[in-house]
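Visitor: Each residue of the sequence shown is one higher than the last, beginning at 1 in our numbering.
Everything labelled a hint here was simulated from the structure, so no lab data went into it. It cannot be assumed that every hint is accurate.
Distance condition first, Cα-Cα at most 30 Å in a straight line; then the derived DSS-like pairs of lysine-lysine [said to hold, decoys possible]: (1) K13 with K39; (2) K53 with K243; (3) K39 with K243; (4) K39 with K11; (5) K844 with K905; (6) K417 with K237; (7) K50 with K243; (8) K13 with K118; (9) K13 with K50; (10) K11 with K118; (11) K11 with K237; (12) K50 with K39; (13) K844 with K810; (14) K39 with K118; (15) K237 with K13; (16) K237 with K461; (17) K53 with K11.
With beta-carbon atoms standing in for the labels, derived distance ranges [stated by the list, open to error]: (18) P897 with P761: 53 to 61 Å; (19) P551 with P735: 49 to 57 Å; (20) S37 with Q117: 29 to 37 Å.
All residues carry an ideal CB built from backbone N, CA and C; glycine is no exception.
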Amino acid sequence: MSIRHLESLFKPKSLAVIGASRREGSLGAVLAANLMSAKFAGTIYPVHPKSEKINGLTAFPSVAELPEAPDLAVLATPPDTVPDLIGQLAERGTRGAVVITAGFGEGGNREGQQRRQKMLDAARSNTLRIIGPNCLGVIVPGSGLNASFSHIAALPGDLAFVTQSGAMVTAMLDWATPRGIGFSHVVSLGDKSDVDFGDMLDYLAQDQATRAVLLYVESITHARKFMSAARAAARSKPVIVIKGGRYAEGAKAAASHTGALAGSDAVYDAVFSRAGLLRVFSLEELFDAAETLATVRTVRGDRLAIATNGGGLGVLATDALIEQGGQLAELSSETIERLDGVLPPTWSRSNPVDIIGDAPGARYTAALDILMDDTAADALLVMNCPTAVASSLEAAQAVASSIAKPASGLGSARGGKPVFTAWVGEAAARDARAVFDGNHLPTYNTPEQAVRGFMHLVHYKRNQVLLTETPSSIIDNPDGSAALPDRASVRTLISTALAEGREWLSEPEAKAVLSAYDIPVVETYQVDSPEAAASAAARIAGPVVLKILSPDLTHKSDVGGVMLGLEGETEVLEAAQEMQARIHRLAPHAVLRGFTVQSFCQRPHAQELIVGAATDAQFGPVILFGAGGTAVEVLADKAIGLPPLNSTLARALIEETRVFRLLQGYRDRAPADLDAVAATLIRLSDLIVDFNEIAEVDINPLLADAQGVVALDARVRVRPDIGTVGQRLAIRPYPRELEQNFTLPDGTGIFLRPIRPEDEPLLQQMFDQLSPQDVRLRFFASLTELSHSFAARLTQIDYHREMAFIALSKSEDGSPEIWGVVRISADPDNERAEYAVLVRSDIKGRGLGVELMNRILNYARSRGLEEIWGDVLDHNRRMLELARELGFSIRHLHDEPGIVRVTRKLSDGV
């Protein structure tokens, strides 16, 4: 349902507190007191069956007797009363409710679950939105709203904190309030029966009062909605998340290496990374992140300059910086020379800058002024340890006064360079930290915490860069079309296995699947007897590998079911007979279906990798990459990503692992063909996208060297089809089914397809061929170039909420070029969408614009959208004529002179 009616929850003009009480210490009394002490500007209606007044306000005996339908209702009544109360409120027109009460199915209670469903059914009739049940409530300081039973009120600010756990609310507020850190929203979601993290991220992404979002997550509901909302929010503001319950007990034994390695927490890691969120791992780290976000906007890079009055502190900070992937800034010779003029002769003459333990405030100021001017440093960390000969407080005051504050009042300094502080100790540092808090400068208790705060911003910036990096088309055809796999062969193999009641494809079948998707595999034969194995070996040049073929033996080598380097028919025959006897003895219950015989791939400098796919119960298919071989679980060197993958995402997955260093080459080993490794990941991702029946894939080992890659062993697990292709993925894949061809009235053929991230260069080329007039009409500005960040935003779209079609033709040299683009961007509720259309200047007048508009309207109608709208400059006559021709209504916007709003209802046909 997303953000519908959430304004009623967070910006109500009136509210009712149902279950309000005068009994001291009761939940209803605390709720009423908090609501009335928060200076809520609207009307508050206490509801109590017996009391005439509560906290000086007139109380009403029931919902039916309220003088109006409140925008928001806060319920703290017994659980059995809640569904009926929600029904009464919905019938009267209330749009939002916060249900504090527990008893709605926590712990799997069946009666509570039924009660929960009754509550949701009652709300659905009028789309009343519910936060909770079993929650601490909602606090919006800017609106004077404290609909919670927290014993601490939140200060106003621009951080939003959204949590499943009510205890986390009080912990955060207890920490933040003394430090002067404020919040735009504090929301306890409780059981997330209706409003969930996806809804909150959609709402807060658009909220101008919120600069950054903190999440405490225990579980995610509606994976695709969450991913879409998180990716959209992370593009506009920092989102930091801590995940509770990292090590779930009772996981089922996995049937493959991939299944064993793709644990649930590793999947959450992949989810947060793909969405562009910054993950932290402890409450302390979340507090540190809140500290950093409350006071620092951003950092340009990962180079840190350090100034300290204690050499030991500098060493600790440096260790922490390098461990977390940052860099010490290389100070310029000019900076060294200037520091020589203001520091004692015994100073360190390098970064970290040790200004010596007797440093007074003036020495801090002098060093700080110089370091802030050095462009080699992206940020500055200033530290102090207490000494008997210098005042820590004086040093803090000097640092605070020397930093020029920007107009926003948030602590940073000249050139936007942020300053972090760490005053260690307790009693001596307390007053100093208060100085930094008062000046909105981030301050930490230890060097490690300060470095971590800096690196939080660095990692967040890296995530944002990854979100907008343009992938290359390493597996596409030269004309820009996607290289097509042999899907028909794969369909036959899967259908055959399912018809026979088999869960696992045989090894030759699994390799045939990979080969159909252009993943190189070794030559392999399936046989049913030792004699047939010997005959198959004769067909293979060179030594062979013999493997037992059994659906009951997951890891064949554990029972001697693999033999390497066999030569000649006689050796293979004897080995097969011995293997058969040995397995009958060691695994008497295993069904033996014969053997596989494959070429013994001798690539001595190749690295053994594992590439696979598994299915997560919450987020669907995931892709795994890491170091392979028989010790794969012991090494546990892995990275997990979410399909669909492109070249950028595939390379990022590879670079997360330790084995990546080996793949880059060392000593006498040449670098491996990383493009071939990345292409394997992309093709595996395509396979998973194309076939819902594939539940698990295990390629181990995949050999990689300078000559490319080859799969030596493969397993594929299948299950009956579970719905529409791609629907099980957390991220909607490229909708290949929307590709189409059509012909313009002049006979020119056009290939229309959804836009892809790889299209950025083509889009740039199209922009370069637009006239200045067309640029201004489309973008409402006189742009001279299309920046990478803007182009990335136009090409890297979320197919779940957006769609952009590009019209492709061929240039004189046969290469593809974009002639036109049409797009829509739907609201999170999938009710309305904004459109935009652009045709290359030299192509106008050939009917392409009409075709593009008709096709996007048809797509919008198929999506279930109710309305399409767009803003047009009032002198864009061609676009306004087209809008009238297509049935759009037209009106001028009084608050935006020169802009015309065109709107088309989709329910009345075309």
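Visitor: All the hints need checking, so say for each whether the structure fits it.
Guide: Here's how the hints hold up against the structure:
In summary, the hint linking K13 to K39 is supported, as the alpha carbons are separated by about 13 Å, within the 30 Å threshold. For the suggested pair K53 and K243, the alpha carbons sit about 43 Å apart, so the restraint of at most 30 Å is broken. Restraint check: the Cα-Cα separation between K39 and K243 comes to about 34 Å, which exceeds 30 Å; the hinted pair is violated. A C-alpha spacing of about 13 Å is found between K39 and K11, which places the hinted pair at or below 30 Å, so the restraint holds.
Between K844 and K905, the direct Cα distance comes to roughly 26 Å. Compliance with the 30 Å bound is thereby established for this hinted pair. Pair hint K417 plus K237 holds up; C-alpha atoms about 19 Å apart against a cutoff of 30 Å. Between K50 and K243 the CA atoms are separated by roughly 44 Å; this puts the pair beyond 30 Å, and the hint is violated. Among the hinted pairs, K13 with K118 is consistent with the structure: their alpha-carbon atoms are about 27 Å apart, no more than 30 Å.
At roughly 26 Å between alpha-carbon atoms, K13 and K50 fall within 30 Å of each other, so this suggested pair holds. Pair hint K11 plus K118 holds up; C-alpha atoms about 27 Å apart against a cutoff of 30 Å. Our distance criterion of 30 Å between C-alpha atoms is met by K11 and K237, whose separation comes to about 21 Å. Of the supplied pair hints, the one linking K50 and K39 holds, its CA atoms being roughly 26 Å apart against a limit of 30 Å.
Taking the CA atoms of K844 and K810, the gap is about 16 Å. The hint holds against a cut of 30 Å. Among the hinted pairs, K39 with K118 is inconsistent with the structure: their alpha-carbon atoms are about 34 Å apart, more than 30 Å. About 28 Å separates the Cα atoms of K237 and K13, which keeps this hinted pair within 30 Å; it holds. For the suggested pair K237 and K461, the alpha carbons sit about 11 Å apart, so the restraint of at most 30 Å is met.
Restraint check for K53 and K11: the C-alpha separation of about 25 Å stays at or below 30 Å, so the hint holds. Hint check: P897 to P761, Cβ distance near 37 Å, so the stated range 53 to 61 Å is violated. Distance hint check: the CB atoms of P551 and P735 are about 36 Å apart, inconsistent with the given range 49 to 57 Å. Take S37 and Q117: their Cβ atoms lie about 36 Å apart, and the range 29 to 37 Å holds.
In this structure, the hints that do not hold are numbers 2, 3, 7, 14, 18 and 19, in rising order.
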